[in-house]
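J.: Using the sequences and the hints given, assemble the complete structure.
Line by line, the protein sequences give chains A and B.
Just so you know, UniProt numbering puts 118 at position 118 of the first sequence, and the rest follows in order with no gaps.
Just so you know, UniProt numbering puts 220 at position 220 of the second sequence, and the rest follows in order with no gaps.
One should not assume that every hint holds.
Some chain B residues judged to face chain A by a derived CB distance under 7 angstroms, without partners named [to be verified]: (1) Pro290; (2) Lys333; (3) Asn533; (4) Lys607; (5) Gln611; (6) Ile614.
These are calculated hints, taken from the structure and not from any lab test.
Note that beta-carbon positions come from the ideal geometry of N, C-alpha and C, so glycine has one too.
Listed below are the residues making up each chain.
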Amino acid sequence: MPIVTFYQLDNNSQDAKQDILKACSYLLLETVKKRKWAAVLCIDKQQAEGVDEFVWQHPVDSFIPHNLVGEGPKQGTPAEITWLGQALNSRHTLINLSQTMIENHRQYQHIIDFVPVEETQKQQARERYKQYKLAGCNMQFTPANQINESN
Amino acid sequence: MSEIESFFSNPGPLANVIAGFTPREAQTTMAKAVATAIQERGSLVVEAGTGTGKTFAYLAPALLSKKKFIVSTGTKNLQEQLFHRDLPTVKKAIDKTRKTALLKGRSNYLCLHRLSQHGGGNVLLEKEVLNEFSLVRKWASTTSTGDIGELKSIKEDAKVLPIVTSTVDNCLGKDCPSYEDCYLVKARRNAMEADVIVVNHHLFFADLALKDTGFGELIPDVDVVIFDEAHQVPDIASEYFGENFSSRQVQDLTKDVIAITRSVLKDADQLGKIAEKCQMHMADLRLLFPHNPGRGNWAQKLEQNDIANQITIIEQSLNQLFEIANIHQGRDKDLDMMIERVSEFSQCLGHVTDVKRTGVSLWYETTPRQIILHLTPLSIADKFSTIMKAQNAAWIFTSATLMVDDNFDHYRNHMGLYDAKTLSLDSPFDYQNQAMLCIPRFLPEPNDRAIKYNLVDIACRLIDASKGRAFILFTSHAMMREVAALVEEKIDNPILVQGSTTKQALLDEYLKNQNAVLFGTGAFWEGVDVKGNDLLCVMIDKLPFASPDDPLLQARIEDCKKQGGNAFAQIQIPQAVITLKQGAGRLIRDETDKGVLVICDNRLVTKQYGQIFIASLPNMKRTRSLDAVAAFLNKIE
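T.: Structure follows, in structure tokens:
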């Protein structure tokens, strides 16, 4: 059973979009540093390209070799960015930005999800939390603003 | 305030001769480091980013030291720029009386002996060459330097030039009847007497490797040696520390021998015949290789019986030539020199076929009609550091591209500069705001042939967004031609493709024609200086890794592996990083320049080693979006 970690995004944030990009790319870097392969699942292509752009603009000492689904070498890269409706390969870690339930969650060892600020989305995240728990996953919950401090 | 600091201050000596001079910290720092190295007779490696003003930063302390120094740079053009523009400026600010000399390679000077040899009209020259020849003769009576560069009325690659200039092979040296008037001798003498000598790397290493004998060396005489464009030194040095044996050399020599038996030594029948035989045997060796030009591992080829036999035949016929020519020794000065050459050729052939020798790569290359056998040392570190130690001088190495991944290890190990001090100076440019680096999304893998169509689309888009002020650079001629042909069908901008004319003519045309686009390869990755809005975009098709079928590279890779190293990390990546830095360096040439660099190779994003490339390039704003690139270009005024 995978570990599922939910990160609560900061309620008082000025820029929720930027927050999620920061949290996502930080967690991506941490995963890749541990030599685990990760996938990021986005809602759509536009969001995926946003993640790609953000990761690519990282300071060079936290460079992450990555690719969007549909590009890159055959053997893949440590970090693949994909979106709903595209292929989703089995990886150690899945970072889920799609705000949907991951159906075949058993193929991941770690699933990272987020609790957004907006009320309906927050409700949906709670729903996902319940479903993972019911499925028997190991649940964790952390405020996203503690991500960087935990290191 | 030190002498250097005050020299680079405003007001100060340099500010007095350059209107609007602003002191730059990096420039002063470099000048001080150079001054220290000169004082201590030490060695110094400096990477100075574009715009630091490194030329003045080494010229000033060298001139201020009042020592005798030599500056070596990459090309003849850079030599002339240095000699006619930068050096006079600094001299004006320091000491106008210092004697300076510009010295070029042998092939740049008129050879009076060869001119007179061909002057009698006894040679069969083509009409075109004959015209050029009369132009040369007219100019020859007026020139005082004999520098062929003065003769603007003939082309750089005119066929007449080999007829009126000498080579190491055919120069008579001290025995030449025209020795006292020889322009090359005069230029060398000038150089020996000068306080400052400006040369290029080829000349420097030819002299150092004693490949050009008969004139005395220049280098033992100087206190300071400065290499500008020092990133080119390792390759050029390897070339001169090695040996080669070419069918053309043999052909030229035997032709001259035959010519003598027809004019001076009419009784030397047998000599002419054996010379012809040598020529034929060399041609036969070429025939044992495929028709299409290529390169490869010569040691492996020597395992083939037919090739090994042919080499034995060539050895024997060269020996025969030597013996028979020796009978006529003392009858003609030209022939005496040729006899010497024959024995040198035999020796050289022995070296390039000695497969037991370690530490060198034996490789061959064929052109449509010729074959060249090379022996190249795998490392020049030992040889070069020995030379440096033997020379009680300060050695300065500088370039905008020496570091890989923020350190000098690669260069120092390559050159054997283990004790050298190093200094890195950032460019004063604000790359985050002046430049953008884009790796476009969803490209096929770089070795997928289909990428051609993506390159065409991206090139068209960039040409449109930059209104033609773009260099589209390629790592291969084939890809350049294919993409250029396809792009030409789609756009109205005039397209200038490398190969149609000389590099300079192409650049002139590019600058004259405001919406022309330039398609180029290797030659345009370096030494091109197009400022301002004339160059807004550089597109590069692929990371410039050296071709893996390069036999010398293969030998170096094998050698590295034998020593337990990681050849990809230690050889191939650093080489590609330096090349890419050079290509990228074309874009931003001063504080107000803006532009985008688009590299159509997603390995920069997808591979861990992408990090090394990014860390080695100037810190430009990064994007993967061609829309962002277009927006950036649109904003440039």
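J.: Does the structure break any of the earlier hints, and which numbers would those be?
T.: Hints 1, 2 and 3 not satisfied by this model.
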